[in-house]
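Same order as they appear, the protein sequences are chains A and B.
Counting along the first sequence from 1, when you hit position 276 you're at 276 in the numbering used here, and nothing is skipped either side.
Counting along the second sequence from 1, when you hit position 64 you're at 64 in the numbering used here, and nothing is skipped either side.
Among the hints, a few may not be true.
[What the hints assert, rightly or not] Calculated pairs, DSBU-like style, for lysine-lysine (alpha carbon to alpha carbon, straight line, at most 35 Å):
#1 B:K231 with B:K387
#2 B:K210 with B:K136
#3 B:K214 with B:K387
#4 A:K492 with B:K51
#5 B:K50 with A:K531
#6 B:K344 with A:K236
#7 B:K399 with A:K60
#8 A:K60 with B:K344
#9 B:K52 with A:K419
Think of the hints as simulated: they come from the structure by calculation, not from any bench.
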Amino acid sequence: MINAVSTNIGENYLTDKRGLLSWIYTLDHKRIGVMYLCIILFFFLVGGVFGLIVRLELIKPANWLMSNQTYNEMFTLHGAIMIFLFVIPVIPSGLGNFFIPLLIGARDVAFPRLNILSLWLFVAGIIVVMISLSSPIDTGWTFYTPYSERTSAAVTVLVGGIFLVGMSTILTGLNFIVTIHRLRAPGMTWGRLPLFIWGVYATSIINVVSTPVIGMTFLLLLAERVLGIGFFDPAKGGDPLLFQHFFWFYSHPVVYVMILPAMGIISEVIPVFARKPIFGYRAIAISSLAIAFAGFFVWGHHMFVAGMSNVADIFFSFLTFSVAIPTGVKVFNWIATLYKGSIHLDSPMIYALTFIFSFIIGGLTGPFLGALATDVHLHDTYFVVAHFHYTMMGGTVMGLFAGLHYWYPKMTGRMFSEKTAKAAWVLVFIGFFVTFFNMFILGFRGMPRRWATYPPEFQTQHIISTVGAFILAAGIAIMFYNFIVNIFRGEKAPPNPWNGLTLEWQVPSPPPTGNFAEIPVVTDWPYGYGKPRE
Amino acid sequence: MPETSHIAYGAASHVAAEVDSVFLFILIIAAFFFITTQGALIYLALRYRKKKGEPERQTAYITKNTVLEGLWIGLPSLAVFAIFLYGYTVWEDLRTVPEGAEEINVLARQWLYEFKYADGRKYVNEVRVPVGQTVKFTMTSADVLHGFFIPSYRVKQDILPGRYTYVWLKAETPGDFYIFCTQYCGYGHSQMRATLKVMPGDQYQAWYLKETSKPTAGLPLAEEGRAVVLKLGCLACHSTDGTVKVGPTWEDLYGSRVLLEGGNTVAADDNYIRESILEPGAKIVKGFSNIMPTFKGVITEDEITAVIAYIRSLSPKGMAAPTARLAAPAAPPSAAKGKEAVEKNGCLACHSTDGSKKVGPTWKGLYGAKVTLADGRVMTADDQYIKEHIYDPSTLLVKGFPNIMPSYKGIISDDDVASITEYIKTLK
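Looking at chain B on its own, in the form it has when it is part of the complex (with noise of 0.2 Å):
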């Protein structure tokens, strides 16, 4: 459960209590100037105030003070430039991620947010990291801008669709701790929650165990990177050996600073490869031709995502490739097949397994159940129901419910689809 009340959330870090002392400090200051002004204020406007039945008196006949004048602007402008400096000097920090930082993929859509860990397993809207762990969050939004906040750590940053923005923070501070969208995205953006839970090491080790003994369909990040990079054929021109081919090498790529044509340089970060994928026209490395295709259409976010996890793999900063592990054979549906599959999808967000409304009807008790349509027909909950709704869900809406559930058509398989038919058939 995330934490509960106090008058404000303790500070969980060492930078968030940074950001508090900077906002003491302009408390102070704010304090100093409020007593001056609101004192003088209340004092004058009684002191001089005239009283009924009291004869008019003579008032001083003052137009102005330079001296004064000078005073109340060069003192707020001493103030004021102390206050601009102290919060930036924080911010840098809040900006600068340490070296040796855990990278966890963010992906906000409309809304949820998942979570995927270098080696591949994804979870939504939930994040775990043992304490003392610093972790760097990359996002990246599916659709519209979302937000991600997490109070007590004092971090906040928008998330938005065609670019990565980054947070970091050491989670010094156990707990589970609230994580909020803080970027109005539509109707369920005050549900829009996710929490970061912060685990005593041996906890963390204890988990982390029984996730990675499960077997999943997941590859580590940068290994799946390394199939679509063959997939898409990128090594004809490519190379990560240093080798000059037809494009550059990406050896020692990632991290570093990259010579322009045109005499510009730019660090070699998520969103240069991004942008190198989707628009190679847009910056031309010095020494090289304009002639890199765009992938854009053919590449999916979630490659992206894994191809710059592959390259990052081949710089010394980045992180040593994770050993892959082997894909789970291939098994009949089944209901606990379909449990992951629901969990891996975040279905969760929107559907309820107790009967409880969420933004979509609850699946207690739906299989084999007639359900009222919003056009008026009447249905029942069948395996055909089931698929036609995860496929193409707009054209089977229920009555009462608002027409938003996204397709899933190319994200979930069909066999997927048939095991997560026989977990709601499990949920009576």
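Only chain A is shown next, with the shape it has when bound in the complex (with noise of 0.2 Å):
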């Protein structure tokens, strides 16, 4: 048993057992984290693919490459594979599971058997989502009623397959929780926690809370599709506003779930490559409790204009900006980080950096979002999906990109280009500005969002941002060129590359199947860069 005092841990977690079985039926939790990471990965390739798609088509005013019909296909598809196969679970139960034990200095995760039923459960409810394929969603990711229940698109089955990932996540929340609280090596006090694991620890406990409401939700929609329950049809005597509120009850937190533990990666990241200690640390570690809690409560600014009643509309903006305070305080905490400190700007410090840069823009857009004179003018246009690319791409997956390049020679035992890696960056940074930021000022012109077709004299913009998306896709495509092909032919990474101080970089690299020899025991936090002997 791998949690009992054991003197074989083994050598290489990606060697010591061998054969297809051995990982489909792994309880470590590294293996899982890869399984994770390689499938949820290329569903962000998948993705991308639709929105290259959507942005052709939108080349030109009127329809010519594809029907309005198929259009409508491809964005839905563009959404709700990123958001439900791609940035919810990235971190999490990719990275997350991988490191967390390693960063709290314990051999696996709680629940090791429940651990391997998430990725079971998750694969099913991929298995699940392919076969509505068949019949391509059109409703938009955010499944609106009542046309989500007239169309007669696979609505019920894609939101099955989606149910049954819902399930996975819960269990992995679950499951995270447990593990920090009580598999803390000796002296890890809460005081002592890398940051990463108080990002994933907040992100978790929304996954628990909020996570089953979209589930029943979607259930009320199936019953609806199936059975004919009139919930959310006028014409049975449903309300439209109603599934609104419990999709958006659920589909606000997310949005923290979604960046919760990129931010956290940038904590780790930034003191390593500044060799300085995290500035603030508690409040860090408070805001993201605090964003989380915040976060349950401001889920009406999706509806300003759907129909809500005044006194809604006034409460839901009013809350909206609290989320904007602790928010603000880890920017200016990273940033404080920088002072004095002997910077690195090696590609995993290169894409916090970025980070920081596109999600302060992301976050700035979000007061003309709340504001409810404002937001009457930019919902439903396409300054909001600029703004929610920023946050999301400029935010989450940046954040993503200093994860895996930093962690890339734990997992693998092998060190990337760094000239590649840096290459890769150009691309990707020019690429994302050049696609995105023109959609901030095509929103406030009035262009609405999910449109297959568009007067003319929006086309020179939706031009840039098609030009924009490919180079951003040829960056992405060298990343993972870098990444794949080094696996196979990179430098023998050493234990430590980046002379961090977590507990993962204790280990060799990869990790052996029992992660350490002896459980650490820990006597200080894991920011003293540069710490003063005393």
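Using the hints, build the complex out of the two chains.
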């Protein structure tokens, strides 16, 4: 049993056991994390391809490559796959599974069997989602009723698949909460937890509390489609606004699920590469919990023009601004960490700085949408599309890239090419900005979302975005090439290539199956860079 | 032609300009935070970077600074509170309809807008108002969610089936303005667009006189509502002169506050009246019994709109009932009548008359031609074909087109079908 004191911890988790079945039935959190990562990054590329198809169609104002129907399916699949199969699970289920036990000095998560069950549920959910592609959904990822309840597309099958994926998330969240509470190494007090752990801890709480709501909402939608019970369709006595409340009660907290783990990665990378302690550890830790908490009370800001009462509009607008404060604390603290540091501009750090730069823009465009008067004009336009791509892609995805570069040596035992990584970054950065920045202006000018065709005066801006999208795709392709090729050809990685102080760097690269020969005893926090000797 | 591009649409009214002021206010605050944070980020990253070949320098062991932390919690809190307050204040203006606004009803359906004036005139995808007029659009949907967005006037609201929502604006700037659908509604979502035409006073007058001199079968809305009310027997229980009968009186009802059983009060607005007709048991007026039957399935959407207009005319705050116009005498089917029926029912949203392919097949050269259907049959487009298409379109789905044309059975009369056929015949 892995969790007991064990003399044989193996040598290399990748090769300690061989054969396909040893992966399918593994109980090792590292193998589970790697499998999640491979599957999820594959769907990142799939979702990206749908996005490129959308951008290609938008080169011309009238239909030219595809009909309205196909376009509607493409943008729906782009959104649904990116959100449910990529942005939500990638850091927690991927990097989180691999590194949470290592960072807290444990041999595995609290419930390894539950962990592999989570993965199987995830895969089952994906298979069901793939089956739904036989009649692709055309509802937008938000499934608003009554359209989603009446369309002939395979909504029932698709939401069934996402229901299974959601179960996987809930169980993983539960697993992480118990792991963090119960399996910390001796001496690792809450005040000495790495900030990535605080991030995934807050994330896991949100996951466990909010995901059941979307599960229930989907079941109600299923019941309406299959059994004809009128929850959401006025023609059957239902209320379309009720669906929106249920949907957004989950889908707003879930955006904090998307960003908090990425913020956790930034909090790890910056101190290592600035050789300085993180500024304001306590404030950053508490802000993760504050964001998670506040995030539950603001969902109505997606519905200011949906037909809610005036009172509801006012309350939700007021509460929405509360999330900005703890978010700002993190950004200011990361920047302050750089002061009088010794900053190594290696690829993990460059992505971390890119995260901060892009997330500031994404975050500062939030108030335009949280304020009632301006949201009326900007809602459902490209301004919103730009805002959430800046936070989710400029934020979460850049954070993911920082984490992948940072932890690649530990996971694979190899070093990637730093030159290639930097070249890829140039294309990613330029491509990202060219694609999305001009969408703020496009949205202010009135261009609506989810439009297959558009008035010709918007064409120039659409072409700019499409060109940017392909530059971005090229950068990502080079990055993935760098990662894949160096698994086989890369230089062997030392245990601690970045001179980090967190516990994963105390074990070999890649780690043995049992992680630690002896469970470490922790005597200090992990951010003592440049600590003066007493 | 709706206006063409500028970097942003100019604000077309005072309220729209107020919205732009809020935008500018937020932009300035955002710019301040952008410059300070990004400036610090870039400056510090470059100033303290470790250059190749240099030895590692000693870094400063700084773990926190409570004063700074307090500063960057306090200052942003003040900033966002100011933003909330300003945004809320202007939004109140956006949502408060001034007195004397002319009400225009909007019925949205996949994928067009029907605008109905109080005097009964109906137009598809185009609404005209004179410069200086304040209008309130009262909107509902015949099917799924839609949106109603006029970028230049900075107004937007979703349109829902089963309820009414509204936007208002003062048409201060002449011109043609886009109306966009901004709530995804299926296949034709991005082609669901209309035009708001704000016309200088004299031009509007000329158009108005021309429109109201045409013989038309439409009645002013309030008159229509009175006819519906007589037909359905509402006056058996409701009076229009203040007398208390089995049900509450409609005199002075619209716009008042109604006291309900249980002590709550509710505003007697469009949604209230609609709910009272369809779900009378939902809100019982204090002092009355729960015995009003529902009219669901008996009263149509258009009739509800008309009844509301009639009840409104019984309130001092509502409009005076416009004069009725005589219905035109029945005439034989004609292409001219057909063209009117086509415009009234919005066929041209999906069918062109000039050969161009839209959501549905073009009518140019259609009559008498051979049409290939999706199931392989080849048919001649004769009178029977056109009639069946209007009443039961899914049985005659044309190859290469989606099966989305709704049926007009019960909406277009047999006479109008004959006229429409005559009209299509003229499109060679």
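Hint by hint, here is what the structure shows:
{"no.": "1", "hint": "B:K231 with B:K387", "in the structure": "holds, 30 Å"}
{"no.": "2", "hint": "B:K210 with B:K136", "in the structure": "holds, 24 Å"}
{"no.": "3", "hint": "B:K214 with B:K387", "in the structure": "holds, 26 Å"}
{"no.": "4", "hint": "A:K492 with B:K51", "in the structure": "holds, 25 Å"}
{"no.": "5", "hint": "B:K50 with A:K531", "in the structure": "holds, 18 Å"}
{"no.": "6", "hint": "B:K344 with A:K236", "in the structure": "holds, 29 Å"}
{"no.": "7", "hint": "B:K399 with A:K60", "in the structure": "holds, 26 Å"}
{"no.": "8", "hint": "A:K60 with B:K344", "in the structure": "holds, 32 Å"}
{"no.": "9", "hint": "B:K52 with A:K419", "in the structure": "holds, 14 Å"}
Hint check: no violations occur; every hint is consistent with the structure.
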